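Chemist: Here are the chains, one letter per residue:
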Amino acid sequence: MTPDEEAETKRRQKARNWVVGGTLLFFVLLFYAITIVRIGGQAG
Amino acid sequence: MSVSANSPVEADMSEPFAVPAPALATQAARSMPTDWRDFLTLTKPRVLTLVIFTGICGLLAAPGSIHPVLGFTAILAIAMGAGGSAAINHWWEADIDAGMKRTANRPLPTGRMRRDDARDFGIFLSLVSVGLMGLANGWLAASILAVAVVYYAVVYTMWLKPRTPQNIVIGGGAGAFPPMIGWVAVTGEITAMPILLFAIIFFWTPPHFWALALFMKSDYAKVGIPMLPVVAGEQATRRQILLYTIVLTPIVIAPWAIGGTGAMYGGTAVVLSAIFFGYAWQVGTRTKTEDDQMLPEKRLFKFSILYLFILFGALVVDRVAAAQGFAGLGWFA
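In the order they appear, the protein sequences are chains H and U. Oh and the first sequence: position 4 is 4 in my numbering, straight run, nothing missing. Going from the second sequence to my numbering is simple: count from 1 and add 1000.
Don't read these hints as lab results, they were simulated from the structure. Only a predicted model underlies this, so the values are computations on that prediction, with no experimental measurement involved. Ideal Cβ placement from N, Cα and C applies to all residues, glycine included.
So the derived label-pair ranges between C-beta atoms look like this:
id	chain 1	residue 1	chain 2	residue 2	range
1	H	Lys10	U	Gly1267	58 to 64 Å
2	U	Thr1287	H	Arg16	52 to 58 Å
3	U	Ile1305	H	Val28	33 to 39 Å
Sequences are here, hints too, so could you generate the full structure?
Modeler: This is how it looks when you write it as structure tokens:
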């Protein structure tokens, strides 16, 4: 692998990590919100 | 309907997946991680806009209310389900895509992504979408979403698309699910209105797509997909476009006729249908000439997209207005 390809590989890995991390965080928050809404609906 | 024995592309269709894929599984694809944007491309974002739009329309037009978080989740699940099945479609049709100008630059034909990654991504996205919909909006909506995913990814993509020239009619069913799912996510039941919304998109798809296929048919012929213009000929396709438009017209007006919507939707539906029918008539009754620019076909295709957006937009405005007590505006009464 050339230095350029290595740099590109690292850049892609980093970008993917951010996307996966962001997606996971988003789903944690979404499931929290869904849970609150569903529990609130049952309580009401 | 099966492929005609006299089909000019019969030889090609005997080996529909035999098109050489020049860059499939290149060294670059194996050694370098896939760019995340290529995963996004697998979900067919442009198609998703229509799926999301019609899903939102079904959600907003349904009687009753839904919490914004649950409404957002329903639309997200619909989009993820559509994106997942699109990724499976990319995986299955990678060889075919390599042979068509319109699709040759996709992540799989160019070798930017491993084929199995696309399949796994599609299956994962589809499963998560159904689970998410079930947990947030109920299992009836989730079941319809699951049916839609299997319908598009398996029944349409793998089974019928390469086998029958009526593939577009069948594929239209997959695109027709989103407004129905959006509606059911709110109401929790299937009634006449969501079925009519399904039917509108189902019968709208053939004239919409066959208009495109008429001026893109060389691409489909090359890769052996039995599109109607390729297999049955242009004149038969033109007749079918007109026929489906005739069937579509009363279905589009039906929500108003059965009292499911007000005059605002009804008036819009009548006007749009008249214009659509006019364009379809031009396409359906003409014969292609030498050096034909196919302008009526292009016009019908473009208008068909506008038609669906305005129609569903009018449906939402009509229903929201009715819910706010503006049902008696009487603009078209």
